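Visitor: Chains as they are written, first to last, in our numbering: chain A, 67 to 398; chain B, 67 to 398.
Hints were generated in silico from the structure; no laboratory data involved.
Treat the hints loosely; a few may be bogus.
[Said to hold, decoys possible] Taking lysine-lysine pairs in the DSS-like style, the calculated list, with each CA pair at most 30 Å apart, reads:
{"id": "1", "chain 1": "B", "residue 1": "132", "chain 2": "B", "residue 2": "369"}
{"id": "2", "chain 1": "A", "residue 1": "102", "chain 2": "B", "residue 2": "330"}
{"id": "3", "chain 1": "B", "residue 1": "371", "chain 2": "B", "residue 2": "269"}
{"id": "4", "chain 1": "A", "residue 1": "330", "chain 2": "A", "residue 2": "309"}
{"id": "5", "chain 1": "A", "residue 1": "369", "chain 2": "B", "residue 2": "102"}
{"id": "6", "chain 1": "B", "residue 1": "309", "chain 2": "A", "residue 2": "102"}
{"id": "7", "chain 1": "B", "residue 1": "330", "chain 2": "B", "residue 2": "309"}
{"id": "8", "chain 1": "A", "residue 1": "309", "chain 2": "A", "residue 2": "369"}
{"id": "9", "chain 1": "A", "residue 1": "120", "chain 2": "A", "residue 2": "75"}
{"id": "10", "chain 1": "B", "residue 1": "309", "chain 2": "B", "residue 2": "335"}
{"id": "11", "chain 1": "A", "residue 1": "102", "chain 2": "B", "residue 2": "369"}
{"id": "12", "chain 1": "B", "residue 1": "102", "chain 2": "A", "residue 2": "269"}
{"id": "13", "chain 1": "B", "residue 1": "335", "chain 2": "A", "residue 2": "102"}
{"id": "14", "chain 1": "A", "residue 1": "371", "chain 2": "A", "residue 2": "120"}
{"id": "15", "chain 1": "B", "residue 1": "132", "chain 2": "B", "residue 2": "371"}
{"id": "16", "chain 1": "B", "residue 1": "102", "chain 2": "A", "residue 2": "330"}
{"id": "17", "chain 1": "A", "residue 1": "309", "chain 2": "B", "residue 2": "102"}
{"id": "18", "chain 1": "B", "residue 1": "120", "chain 2": "B", "residue 2": "132"}
{"id": "19", "chain 1": "B", "residue 1": "75", "chain 2": "B", "residue 2": "369"}
{"id": "20", "chain 1": "B", "residue 1": "132", "chain 2": "B", "residue 2": "269"}
{"id": "21", "chain 1": "A", "residue 1": "132", "chain 2": "A", "residue 2": "269"}
{"id": "22", "chain 1": "B", "residue 1": "269", "chain 2": "A", "residue 2": "102"}
{"id": "23", "chain 1": "B", "residue 1": "102", "chain 2": "A", "residue 2": "335"}
{"id": "24", "chain 1": "A", "residue 1": "371", "chain 2": "A", "residue 2": "132"}
{"id": "25", "chain 1": "A", "residue 1": "75", "chain 2": "A", "residue 2": "371"}
{"id": "26", "chain 1": "B", "residue 1": "120", "chain 2": "B", "residue 2": "369"}
{"id": "27", "chain 1": "A", "residue 1": "371", "chain 2": "A", "residue 2": "269"}
{"id": "28", "chain 1": "A", "residue 1": "309", "chain 2": "A", "residue 2": "335"}
{"id": "29", "chain 1": "A", "residue 1": "120", "chain 2": "A", "residue 2": "269"}
[As the list claims (entries may be wrong)] Listed next, the stretches of chain B that the computed footprint assigns to chain A, with coverage defined by at least 3 CB atoms under 8 Å from CB atoms of chain A:
{"id": "30", "region": "194-203"}
{"id": "31", "region": "206-214"}
{"id": "32", "region": "223-236"}
The structure displayed is predicted, hence computed values, not measured ones.
Beta carbons are placed, not taken as given, at the ideal position from N, Cα and C, and that holds for glycine.
There are 2 protein chains.
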Amino acid sequence: MNVMDQATKPHERLAAVLAPELESVNTLIRERMASKHAPRIPEVTAHLVEAGGKRLRPMLTLAAAKMCGYDGPYHIHLAATVEFIHTATLLHDDVVDESEKRRGRPTANLLWDNKSSVLVGDYLFARSFQLMTDTENLQVLRILSNAAATIAEGEVLQLTAAQDLTTTEDIYLQVVRGKTAALFSAATEVGGVIAGRPEDEVKALFDYGDALGIAFQIVDDLLDYWGGDATGKNVGDDFRERKLTLPLIKAYASANDEEKAFWKRVIEKGDQREGDLERALDLLNTHGALEATRQEALTWAAKAKSAMETLPQSELRDLLIDINDFVVARVS
Amino acid sequence: MNVMDQATKPHERLAAVLAPELESVNTLIRERMASKHAPRIPEVTAHLVEAGGKRLRPMLTLAAAKMCGYDGPYHIHLAATVEFIHTATLLHDDVVDESEKRRGRPTANLLWDNKSSVLVGDYLFARSFQLMTDTENLQVLRILSNAAATIAEGEVLQLTAAQDLTTTEDIYLQVVRGKTAALFSAATEVGGVIAGRPEDEVKALFDYGDALGIAFQIVDDLLDYWGGDATGKNVGDDFRERKLTLPLIKAYASANDEEKAFWKRVIEKGDQREGDLERALDLLNTHGALEATRQEALTWAAKAKSAMETLPQSELRDLLIDINDFVVARVS
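Turn these sequences into a full structure, and let the hints steer you where they fit.
Guide: Spelled out as structure tokens, the structure:
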């Protein structure tokens with residue numbers, strides 16, 4: 067590994083190694099997001115797809131397939147499938163969350179309207195099913211259609227659990243598995259399946275994606291209160307949106323009566339006043355909720371790493387391990 | 067055919083003939099709309115699925131498969147798939163149209179919220195793909211995922227064509243193929259495919275569904291200005307929502323300058339005053355737009371009938387022909 071490699075981030079190194087495949091994925095994405103009849107579709111989709119996301123999920127699929135020795139053409143389709151499902155989910159999420167910004171740019175629902183976001187999201191979902199059908203691999207179809215159902219289920223669960231202080235860590239984990247980990251684990255699992263690897267290897271790839279996805283989301287939720295790095299996240303966004311994330315669930319679990327009353331006022335009733343975020347941060351620290359959340363992220367990252375370490379050593383395997391380390395490095 | 071048969075409507079007779087299969091479809095639907103983690107999902111879905119829709123689309127699949135001699139179990143899955151896609155589309159349509167009523171009851175977006183309608187719709191889409199994957203028939207997967215993409219494309223096209231008086235009859239037909247006929251034709255086509263019928267028979271089933279769907283939608287759009295039967299539709303809903311449907315496209319095409327100015331004011335600008343609907347109806351009659359629209363519906367119904375008549379005679383085939391006759395009987 068040369069000095070430049072040391073300096074660049076693991077997902078940038080992975081993107082460099084997978085450059086030709088990523089180029090094919092981008093070509094396929096552009097091809098399939100086109101619409102003969104409805105030019106609004108590529109407009110909306112391009113806004114999001116070309117917005118410079120890190121393409122982390124399609125890279126997981128490409129890396130998993132390649133490290134498993136796959137030499138056919140369909141990991142490209144699967145990577146594009148995963149990106150389409152992700153993009154469709156983002157479009158619908160922004161409608162549900164009434165978001166105005168994503169990746170520092172105005173959201174599609176703001177630039178066009180909610181209607182376009184809903185319908186173009188549906189179009190991308192349908193396109194993703196066409197793409198996966200192209201592979202003619204039934205196991206892959208099962209994995210990805212199951213993942214799509216788990217994602218939607220997680221999103222609905224998150225909706226009904228919102229602002230509900232009785233949300234448990236178990237429910238939080240189900241939501242996280244749905245909204246984030248299901249697509250990560252499907253992305254890595256299908257890489258092994260398309261390569262025809264044996265069940266135990268496919269299971270290890272699933273476990274890696276599942277644990278990586280959970281660690282990724284916990285870190286994201288932690289940074290919302292932790293901040294202090296260059297993530298561009300504003301401290302307190304989840305607090306203001308009254309989202310029940312792990313730090314808050316942990317703080318509420320060890321709150322005394324007066325503190326419980328505080329959480330009920332700011333989260334359940336949404337009656338937030340000046341100084342409340344500072345009070346919340348103080349309580350999160352006092353009860354060690356941030357530190358406990360950090361430990362949880364590290365535990366999941368360790369699970370991801372050990373799952374990946376059961377697989378034969380290769381450059382791509384090690385890059386996937388580095389990505390996992392990098393995810394939690396933001397809170398280490 | 068006995069006297070009772072004569073008196074009942076063709077879709078009721080079809081439902082009677084397919085009663086055992088429809089019961090299996092309902093059981094499968096209830097099973098698959100369940101969610102271990104998110105009880106909101108079956109609540110929202112049941113509101114719509116149990117609301118007493120006619121189950122026309124799943125009946126098309128069941129009838130097509132059975133008349134083709136299919137004796138396996140998967141026409142049940144395909145019928146449930148088609149109903150799930152239809153239900154998901156309704157949920158998203160009501161969000162897009164900001165509807166408050168469907169089948170005489172408050173819509174899900176009104177009873178719960180837009181968020182639930184978007185996410186539960188996504189869940190049903192994903193479930194529909196799981197159901198079709200169960201069939202392990204790749205041709206069926208291609209047909210249904212193509213249909214899902216065509217539906218979403220048609221909906222986006224309708225959105226961008228809304229209130230646009232330059233909409234042509236060609237664009238109208240594309241919208242109708244997307245929003246209605248694509249699912250009808252996929253429903254009948256997969257019945258023939260799952261039964262392993264030769265290409266020409268499958269093509270005839272597709273043509274029947276396509277033409278039936280187009281006739282169905284044209285009749286629906288015509289009744290919005292025609293009324294006068296027991297459909298429960300309010301005359302002028304599309305006018306008030308400024309939808310560009312076939313009667314209006316035809317009337318605008320033969321409008322003089324003064325009439326064009328009228329249409330621009332009421333449809334493009336949405337400046338509607340008392341007496342405008344009456345004026346619109348008058349123009350639609352003067353230019354023969356309603357009669358021309360009616361003729362178009364009859365032409366498509368004739369196409370559906372002649373496609374079906376290329377297939378071997380059977381009770382189910384004749385019931386499908388009766389259904390087609392019944393669709394246009396409302397405007398005959």
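Visitor: Which numbered hints turn out to be false for this structure?
Guide: Structure breaks no hint.
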